[in-house]
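*Asks:* Here is what each chain is made of, one letter per residue.
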Amino acid sequence: MYRRNFFEYIASDFYNAMSIISLITDFGTEDEYAGIMKGVIYTVNPSARIVDITHNLEPQGIIQAAYVIASSYHYFPPGTVHIIVVDPGVGSNRAIIALEKNDHVFLAPDNGVLTLILKDDHIGAVIRVENSDFFLNPVSRTFHGRDIFAPVGAHISKGLNIKKLGPPLSRDKIKQIDIPVPKILSKYAVMGNIISIDRFGNLITNISLHDIENILKTSSANKIEIIAGKTRISGLSMNYASVRPQQQLAVIGSRGYLEIAVNRGNAKYILGAQKGESVKVRTVKPE
Amino acid sequence: MYRRNFFEYIASDFYNAMSIISLITDFGTEDEYAGIMKGVIYTVNPSARIVDITHNLEPQGIIQAAYVIASSYHYFPPGTVHIIVVDPGVGSNRAIIALEKNDHVFLAPDNGVLTLILKDDHIGAVIRVENSDFFLNPVSRTFHGRDIFAPVGAHISKGLNIKKLGPPLSRDKIKQIDIPVPKILSKYAVMGNIISIDRFGNLITNISLHDIENILKTSSANKIEIIAGKTRISGLSMNYASVRPQQQLAVIGSRGYLEIAVNRGNAKYILGAQKGESVKVRTVKPE
Amino acid sequence: MYRRNFFEYIASDFYNAMSIISLITDFGTEDEYAGIMKGVIYTVNPSARIVDITHNLEPQGIIQAAYVIASSYHYFPPGTVHIIVVDPGVGSNRAIIALEKNDHVFLAPDNGVLTLILKDDHIGAVIRVENSDFFLNPVSRTFHGRDIFAPVGAHISKGLNIKKLGPPLSRDKIKQIDIPVPKILSKYAVMGNIISIDRFGNLITNISLHDIENILKTSSANKIEIIAGKTRISGLSMNYASVRPQQQLAVIGSRGYLEIAVNRGNAKYILGAQKGESVKVRTVKPE
Numbered sequence: 101m102y103r104r105n106f107f108e109y110i111a112s113d114f115y116n117a118m119s120i121i122s123l124i125t126d127f128g129t130e131d132e133y134a135g136i137m138k139g140v141i142y143t144v145n146p147s148a149r150i151v152d153i154t155h156n157l158e159p160q161g162i163i164q165a166a167y168v169i170a171s172s173y174h175y176f177p178p179g180t181v182h183i184i185v186v187d188p189g190v191g192s193n194r195a196i197i198a199l200e201k202n203d204h205v206f207l208a209p210d211n212g213v214l215t216l217i218l219k220d221d222h223i224g225a226v227i228r229v230e231n232s233d234f235f236l237n238p239v240s241r242t243f244h245g246r247d248i249f250a251p252v253g254a255h256i257s258k259g260l261n262i263k264k265l266g267p268p269l270s271r272d273k274i275k276q277i278d279i280p281v282p283k284i285l286s287k288y289a290v291m292g293n294i295i296s297i298d299r300f301g302n303l304i305t306n307i308s309l310h311d312i313e314n315i316l317k318t319s320s321a322n323k324i325e326i327i328a329g330k331t332r333i334s335g336l337s338m339n340y341a342s343v344r345p346q347q348q349l350a351v352i353g354s355r356g357y358l359e360i361a362v363n364r365g366n367a368k369y370i371l372g373a374q375k376g377e378s379v380k381v382r383t384v385k386p387e
Numbered sequence: 101m102y103r104r105n106f107f108e109y110i111a112s113d114f115y116n117a118m119s120i121i122s123l124i125t126d127f128g129t130e131d132e133y134a135g136i137m138k139g140v141i142y143t144v145n146p147s148a149r150i151v152d153i154t155h156n157l158e159p160q161g162i163i164q165a166a167y168v169i170a171s172s173y174h175y176f177p178p179g180t181v182h183i184i185v186v187d188p189g190v191g192s193n194r195a196i197i198a199l200e201k202n203d204h205v206f207l208a209p210d211n212g213v214l215t216l217i218l219k220d221d222h223i224g225a226v227i228r229v230e231n232s233d234f235f236l237n238p239v240s241r242t243f244h245g246r247d248i249f250a251p252v253g254a255h256i257s258k259g260l261n262i263k264k265l266g267p268p269l270s271r272d273k274i275k276q277i278d279i280p281v282p283k284i285l286s287k288y289a290v291m292g293n294i295i296s297i298d299r300f301g302n303l304i305t306n307i308s309l310h311d312i313e314n315i316l317k318t319s320s321a322n323k324i325e326i327i328a329g330k331t332r333i334s335g336l337s338m339n340y341a342s343v344r345p346q347q348q349l350a351v352i353g354s355r356g357y358l359e360i361a362v363n364r365g366n367a368k369y370i371l372g373a374q375k376g377e378s379v380k381v382r383t384v385k386p387e
Numbered sequence: 101m102y103r104r105n106f107f108e109y110i111a112s113d114f115y116n117a118m119s120i121i122s123l124i125t126d127f128g129t130e131d132e133y134a135g136i137m138k139g140v141i142y143t144v145n146p147s148a149r150i151v152d153i154t155h156n157l158e159p160q161g162i163i164q165a166a167y168v169i170a171s172s173y174h175y176f177p178p179g180t181v182h183i184i185v186v187d188p189g190v191g192s193n194r195a196i197i198a199l200e201k202n203d204h205v206f207l208a209p210d211n212g213v214l215t216l217i218l219k220d221d222h223i224g225a226v227i228r229v230e231n232s233d234f235f236l237n238p239v240s241r242t243f244h245g246r247d248i249f250a251p252v253g254a255h256i257s258k259g260l261n262i263k264k265l266g267p268p269l270s271r272d273k274i275k276q277i278d279i280p281v282p283k284i285l286s287k288y289a290v291m292g293n294i295i296s297i298d299r300f301g302n303l304i305t306n307i308s309l310h311d312i313e314n315i316l317k318t319s320s321a322n323k324i325e326i327i328a329g330k331t332r333i334s335g336l337s338m339n340y341a342s343v344r345p346q347q348q349l350a351v352i353g354s355r356g357y358l359e360i361a362v363n364r365g366n367a368k369y370i371l372g373a374q375k376g377e378s379v380k381v382r383t384v385k386p387e
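Residue numbers (our numbering), protein chains in the order written: chain A, 101 to 387; chain B, 101 to 387; chain C, 101 to 387.
Be a bit skeptical, because a hint or two may be false.
Repeated chains share a single entry, so a pair holds when one copy, or any two copies, can fit it.
To be verified - Using 20 Å as the maximum straight-line C-alpha spacing, the simulated SDA-like pairs for lysine to any residue come out as follows:
1. Lys317 - Tyr288
2. Lys258 - Ser147
3. Lys273 - Gly212
4. Lys275 - Gly212
5. Lys258 - Ala148
6. Lys275 - Pro345
7. Lys375 - Gly161
8. Lys258 - Thr143
9. Lys380 - Leu316
10. Lys258 - Pro146
11. Lys201 - Thr143
12. Lys275 - Ala341
13. Lys275 - Arg364
14. Lys258 - Pro177
15. Lys375 - Glu130
Derived by calculation from the structure, the hints in this document are not laboratory data.
Bear in mind the structure is a predicted one, so any value in this text is a computation, not a measurement.
I would like the entire structure built from these sequences, with the hints used as guidance.
*Replies:* See the structure below:
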């Protein structure tokens with residue numbers, strides 16, 4: 101009898117506690133801030149697996165954080181706790197939210213970073229995090245990543261029900277931010293924006309494959325043209341290498357959105373593009 | 101009988117070996133140096149948990165390393181091994197030190213990086229690391245991070261008593277560096293320096309809350325003014341968001357020291373500040 | 101009976117599954133790409149240990165990747181899976197290779213990154229990775245790191261025989277790139293190149309200790325001189341600290357190759373050196 105329980109204890113403790121904690125912050129990796137959060141996490145849950153999604157968001161980059169978490173979380177196993185600390189309001193009366201969706205838990209300040217996560221119907225419990233039993237003591241006014249997010253996230257990763265963290269919060273009360281969405285210009289054209297530029301200089305827009313399919317559906321044309329500043333690109337390529345080196349192309353990128361790229365080159369520099377610039381997609385009649 | 105031992109073996113090996121190793125280096129993350137250290141650590145202790153505190157110290161940044169380790173280590177669980185490799189003297193006759201304090205172990209070159217760690221009375225064993233049984237073989241002249249610090253740290257994380265690493269070293273013999281400390285200008289004023297600037301542009305000084313309380317205690321005034329170059333700030337704020345965006349403020353930061361910041365802005369750029377510049381705090385009479 | 105099996109199950113599953121996955125990419129750490137790969141890896145193998153060797157290769161830096169993996173892999177434990185994603189041809193018909201060597205497994209696009217790994221005689225199985233049972237579904241055209249490399253690497257780390265991934269590939273068919281090698285100028289001199297410059301500004305050449313021993317062997321001289329642009333350095337130093345601060349020196353670095361460095365300074369800036377520049381070593385007669 102004893103042995104069986106002990107067995108189960110080892111096995112269950114070991115496997116259950118092995119959940120993943122992902123981190124998205126604007127702390128950078130020059131300073132000790134992200135490392136300290138990990139120290140706190142391991143103090144609470146020595147079996148956690150911590151994944152840095154990024155610490156290099158631009159400071160106070162709430163929109164960027166909203167995109168990064170939305171395009172990342174579903175590649176993590178169920179049970180993952182995602183901690184997002186982009187928090188210019190730290191220490192003020194902004195709330196901290198714990199939210200369940202599709203077996204993932206999100207822990208973030210209530211400043212709009214969860215806007216895209218809220219954009220569908222699988223939202224479970226939403227809690228306002230207030231129970232200081234799970235915080236470091238004392239809590240500083242300037243580093244809640246260390247004092248609240250890290251220990252609370254670690255407790256959740258050990259199996260704590262988020263309902264123990266504070267009162268429920270109505271989903272409608274969560275702060276949302278305006279995320280630029282493409283405009284339908286006509287049945288044949290849609291206008292979006294460059295919403296981020298990655299390390300390769302690829303220009304990532306907010307125009308989805310779905311948006312492009314829509315204008316193709318309503319048009320007799322079956323080709324598209326992509327226009328960004330003085331750049332005109334004809335049609336979508338299957339991959340970066342499908343044009344000659346240093347030549348521009350458009351692809352549906354790994355996030356599912358239209359990207360403008362240069363094969364083995366940097367579209368940002370070669371095309372002189374900036375974040376926020378508009379990008380138009382329109383159908384063209386075959387000649 | 102056999103089974104019981106086997107049980108215990110799994111459990112103890114698993115739980116004991118799960119200790120944390122933190123890394124502070126100036127290796128950067130462009131090159132393979134930090135990754136190779138981790139390969140060596142896992143070869144010795146496959147159950148280690150490795151936390152990067154930072155690899156982006158300025159090259160040979162001994163003072164910066166001294167601050168980073170002092171403000172980080174106590175957020176890690178007891179038993180953590182902290183490896184600090186900022187080591188311009190690598191391969192020379194500088195010693196390598198293993199030092200115990202409050203159930204943490206520090207492994208570092210004897211060049212002053214442990215100066216702040218030595219600043220209180222809980223120092224345990226101090227060892228000069230010389231026992232090459234725990235080194236890679238051969239030991240290079242230029243990369244002791246890989247050849248000595250990584251394998252020795254991994255052995256300690258598996259439970260090796262640091263006394264097996266070499267002869268004891270008198271605490272007084274450890275090299276210390278001059279860390280700039282604030283000067284008491286009068287009963288009403290203290291003068292310190294900007295000792296680091298973080299990714300957000302926050303100006304972190306060496307003036308502690310304690311220093312400020314001291315001048316308030318001896319003064320009839322109950323307000324302070326902070327002066328840095330042409331910048332004058334009245335009083336301490338509770339958090340960054342307690343002034344309007346782009347406005348300057350002073351707070352006690354997460355390290356426990358006075359910081360000058362700009363809400364949702366970069367104090368370094370906006371105030372034109374440099375590391376090393378002096379910062380004065382003085383009491384002011386209420387008008 | 102049952103218990104014994106269960107025991108063994110826990111123990112074997114736990115210890116076997118604990119293998120290491122190393123990552124070398126040009127994804128940077130600004131974007132979520134590397135973090136997403138880790139999410140996918142942990143979804144397949146929750147017990148994996150992931151080590152970032154570097155994500156900061158220059159974009160499409162195939163030669164640099166070839167050096168980094170060759171100088172890193174042997175510091176990792178046997179059984180490590182090394183994933184290298186520097187892949188400008190992603191989505192084209194370039195193959196993906198899984199290759200065994202000395203109990204390590206390498207997973208990389210067939211674009212030359214494994215050139216230096218192929219340079220000796222311990223190559224085991226070589227497989228063309230084609231079995232989509234181990235891929236994410238669907239596979240995108242632009243992010244095989246996420247859709248193929250991460251899940252395949254994770255399955256290998258759980259013990260999957262690489263022969264299940266696709267047909268064998270002849271070693272001769274693997275794409276190799278020209279890696280610059282030193283030229284023997286005479287019995288007394290060898291000419292190489294600066295092949296990388298690390299974060300410290302150290303100039304790392306492709307001239308090995310072996311090359312230098314060769315010219316010393318055939319010469320009556322027993323001293324060497326190193327010439328790079330206008331810089332002349334007499335003899336090899338034992339370590340960086342063996343000359344005065346800010347003075348130039350030459351050492352055999354941690355990769356086993358000749359490096360030109362400046363003690364506590366940056367040789368790249370001080371000597372005005374560039375990657376690719378030639379470096380000559382010749383014997384000199386004692387005067």
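*Asks:* With reference to the structure, classify each hint as holding or not holding.
*Replies:* For each hint, the structure was consulted:
Taking CA atoms no more than 20 Å apart as the test, Lys317 paired with Tyr288 passes inside one copy only; the shortest distance there is 9 Å, against 73 Å between copies. In this assembly of identical chains, Lys258 and Ser147 lie within 20 Å of each other by CA distance both inside one copy and across copies; the values are 9 Å within and 16 Å between. Proximity of Lys273 to Gly212 under the C-alpha cut-off of 20 Å is restricted to the intra-copy arrangement: shortest distance 11 Å within a copy versus 52 Å between copies. In the homo-oligomer, the alpha carbons of Lys275 and Gly212 lie at most 20 Å apart inside one protomer (5 Å), although the nearest pairing across protomers, at 48 Å, exceeds that limit.
In this homomeric assembly, Lys258 and Ala148 come within 20 Å of each other (Cα to Cα) both inside a single copy, at 8 Å, and across copies, at 19 Å. When the C-alpha separation of Lys275 and Pro345 is checked against a cutoff of 20 Å, the pair qualifies only between copies, where the shortest distance is 19 Å, while the shortest distance within a copy is 44 Å. For the homomeric pair Lys375 and Gly161, the shortest alpha-carbon distance inside one copy (13 Å) is at most 20 Å, but the shortest distance between copies (25 Å) is not. Proximity of Lys258 and Thr143 under a CA criterion of 20 Å is satisfied in both settings, with 12 Å inside one chain copy and 18 Å between copies.
Taking the shortest alpha-carbon separations for Lys380 and Leu316, only the intra-copy value of 14 Å comes in at or below 20 Å, while the best inter-copy value is 62 Å. Within a single copy, Lys258 and Pro146 get their C-alpha atoms as close as 10 Å, and across copies as close as 15 Å, so both meet the 20 Å cut-off. In this assembly of identical chains, the alpha carbons of Lys201 and Thr143 lie at most 20 Å apart only when taken from different copies (17 Å versus 26 Å within one copy). For the identical chains of this complex, Lys275 and Ala341 are inter-copy neighbours only, at 17 Å across copies versus 42 Å inside a copy, given an alpha-carbon limit of 20 Å.
With identical chains, the CA atoms of Lys275 and Arg364 are at most 20 Å apart between copies only, with a shortest distance of 18 Å across copies and 40 Å within one. Both within a single protomer and between protomers do Lys258 and Pro177 lie at most 20 Å apart by alpha-carbon distance, with minima of 15 Å and 16 Å respectively. For a Cα distance limit of 20 Å, the shortest separation of Lys375 from Glu130 across copies, 15 Å, qualifies, whereas the shortest one inside one copy, 25 Å, does not.
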